[in-house]
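Chemist: Protein chains in written order, with my numbering: chain U, 1 to 366; chain W, 1 to 366.
Some hints could be false.
Pairs involving identical chains hold if they fit within one copy or between any two copies, as the list cannot separate such chains.
Lysine-lysine pairs mimicking DSBU-like chemistry, simulated, CA-CA at most 35 Å apart [as the list claims (entries may be wrong)]:
hint	residue 1	residue 2
1	K169	K68
2	K23	K108
3	K169	K46
4	K85	K196
5	K108	K24
6	K169	K196
7	K196	K108
8	K196	K142
9	K234	K23
10	K23	K196
11	K24	K360
12	K234	K196
Calculated from the structure, these hints are not laboratory results.
2 protein chains.
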Amino acid sequence: MPQFPRCSAPYRTQNIKLLHSLKKYRIGIVGATGAVGQEIISLLEKREFPVSEARLLASSRSSGREIKACGNLEKVRETTRDAFKDLDLAIFSSGSKISLEFADVARKQGCVVIDNSSAFRMDPQVPLVLPEVNSDAVEAHKGILANPNCSTAITLMGLYPLHKRFGLKRVIASTYQSVSGAGASGITALQNELSKEFSESSNEQPTQESPFPHPIAYNLIPHIDDFREDGYSKEEMKLRNESRKILNLPKLQVSCTCVRVPVNRAHSISVNAEFNSPVNVPDARNALSEFPGIELWDIPNAGRYPMPLDYAEKEACGVGRLRVDHALPNGLAFWVVGDQLWKGAALNAIQIAEALIERKCLRFIE
Amino acid sequence: MPQFPRCSAPYRTQNIKLLHSLKKYRIGIVGATGAVGQEIISLLEKREFPVSEARLLASSRSSGREIKACGNLEKVRETTRDAFKDLDLAIFSSGSKISLEFADVARKQGCVVIDNSSAFRMDPQVPLVLPEVNSDAVEAHKGILANPNCSTAITLMGLYPLHKRFGLKRVIASTYQSVSGAGASGITALQNELSKEFSESSNEQPTQESPFPHPIAYNLIPHIDDFREDGYSKEEMKLRNESRKILNLPKLQVSCTCVRVPVNRAHSISVNAEFNSPVNVPDARNALSEFPGIELWDIPNAGRYPMPLDYAEKEACGVGRLRVDHALPNGLAFWVVGDQLWKGAALNAIQIAEALIERKCLRFIE
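Only chain U is shown next, with the shape it has when bound in the complex (with noise of 0.2 Å):
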């Protein structure tokens, strides 16, 4: 009987205890009052990241806001083009419009910018990356580096180490993304609505803006982002290009549907993937299981496989339900589940930090 799950580290660079031992940087958290910045602070603080000064930056909004971070009490200043003067980095996840107006700014005051938003990511001059897979693409950096879309970052988890054993060909994936993908607010939505049918003061409560078009309690909404011509979501679209940026592979077919479920946190994909050589169960386990940031959760007849309720605030990704797809020749089928706020967004971009540091790369000059 194995032992279950089978699971290699997170993804960290060997030297980075020594390298935080020599240096400690001053950076920059833009949008620290969001559902992204908040997760930021907690694991630099998590993965003891050497920070000699955390600023924290919002909108006028949060400005003044008093919030713990990396050991001190860090007053909220508003993001403005003065306020990246001496950072080392930032990490910037406030949204395109937040980053379009402001990482050139800071990358020009010599602050290194890692940005979640999708402004940056298909820039070819930005390098797209998801350390456990190309974590030497940091060292091509100008200035910017693009953290991948969510759901992309976790299906890349599971799907890498099976392409580089099999060599991917077609990947064919559903989504089931939780309403925290939305930010703060979606969590606040699926309360509202599912508090209203269980409190019996219900209706004397103010109706809250939900970021959803639709209902999300009890409910399943086939819409992420805005949708293109061809009836493809942006969303959608984000796991085809992120993809083939980051395994460059730059003619890989993909075909996504992206839904929201109401599910508070962690994304799953149910994944279908063709490859170039013959494919086996063993193997692809051994590839999965070795794999750092991985961990293998697949007895499912003893009800062993991720869940999202599982996947909550964990660095690793799981995946589990592996086996021969039966309508794909060479074809392997399973479902990842991963923590969208860690993996997806706020630990994905400290663990780009960190090979920045460990590549001796995170200071650039024009």
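For this one, chain U is given, so just place chain W on it according to the hints.
Modeler: For chain W alone, kept in the frame of chain U given last:
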């Protein structure tokens, strides 16, 4: 601007009203107190099925309960070998064990059986009928007819019009199955789990037994029915095997992943399908909108696509998110939603009975 949804009336035999005026039928409902049984009673009334006697059968536990059915207050009787005497027809919805025990008993007494369980679906002697697709198959019955699995019925409602137009070659499906697919206890389990969170007196409530192997509130469980050696669940194999039989495509390649989601009612399926002929969206749209029992609900950028909240207690299935598949040659991707208690069970069973009447083959003498 097209009118949406473009909706054809759900399948109903053309002269059923005339037939109804000629004769009424004695009908047994096995599992009358269950989730599907209750829907059968309500749909027999809604569709004005010509009932002269509605005989409600269930386990000894429910025996003696009084339930209103087809205009009368009927006493529930225990399902025994003698319970089928003088019935024209019995619809079984009590699971495979009861069907295996009593279907042949009923049949031998001249009572035609329409079975909702999986017991006889793959029996070559038993027609497996989705009336919109293969109503002619009812004519070959030998006393037992089978109703397809719920996800299979809903998926094929979307797939069959496209198959007729383009010729189906390969199907990849991921399901989002509601809790009532596990019966009334599925809804109770979800409600109990949620109410514990919202109710202050939660600890005083007795823990109810859940039909699910893990918590379902805020969660996803990629586990429906038992698992086979090869890692597929039996539920996943039903989509392959039953689609092959209903479509008469014995080598159709089908890969399916079945997932339980915290939705009360209506199943949703993300489908990627490959066809033999070149596809295009306008022709696919026409094929779907002309098909009985389908609503084409497909203006995604206006927020129009089928969702489970809109498809509970609806006879039609909804298709949306129709687009050319990016990964499969001659491929189409779409999203289909249907009430699994109606089109996936009770409604389809009654439609089979209507087809038997129309084709004058409700009687069977061995």
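Chemist: Give a verdict on every hint.
Modeler: Hints, verified against the model:
In this homomeric assembly, K169 and K68 never come within 35 Å of each other (Cα to Cα): the closest approach is 47 Å inside a single copy and 58 Å across copies. When the C-alpha separation of K23 and K108 is checked against a cutoff of 35 Å, the pair qualifies only within one copy, where the shortest distance is 22 Å, while the shortest distance between copies is 86 Å. In this assembly of identical chains, K169 and K46 lie within 35 Å of each other by CA distance neither inside one copy nor across copies; the values are 38 Å within and 51 Å between. Proximity of K85 to K196 under the C-alpha cut-off of 35 Å is found in neither arrangement, the shortest distances being 47 Å within a copy and 50 Å between copies.
Taking CA atoms no more than 35 Å apart as the test, K108 paired with K24 passes inside one copy only; the shortest distance there is 21 Å, against 84 Å between copies. For a Cα distance limit of 35 Å, the shortest separation of K169 from K196 qualifies neither inside one copy, at 47 Å, nor across copies, at 46 Å. For the identical chains of this complex, K196 and K108 are neighbours neither inside a copy (49 Å) nor across copies (53 Å), given an alpha-carbon limit of 35 Å. When the C-alpha separation of K196 and K142 is checked against a cutoff of 35 Å, the pair qualifies neither within a copy, at 50 Å, nor between copies, at 52 Å.
In this assembly of identical chains, the alpha carbons of K234 and K23 never lie at most 35 Å apart, being 40 Å within a copy and 57 Å across copies at closest. In this homomeric assembly, K23 and K196 never come within 35 Å of each other (Cα to Cα): the closest approach is 51 Å inside a single copy and 49 Å across copies. Taking the shortest alpha-carbon separations for K24 and K360, only the intra-copy value of 13 Å comes in at or below 35 Å, while the best inter-copy value is 85 Å. Only within a single protomer do K234 and K196 lie at most 35 Å apart by alpha-carbon distance; the minimum there is 32 Å, versus 37 Å between protomers.
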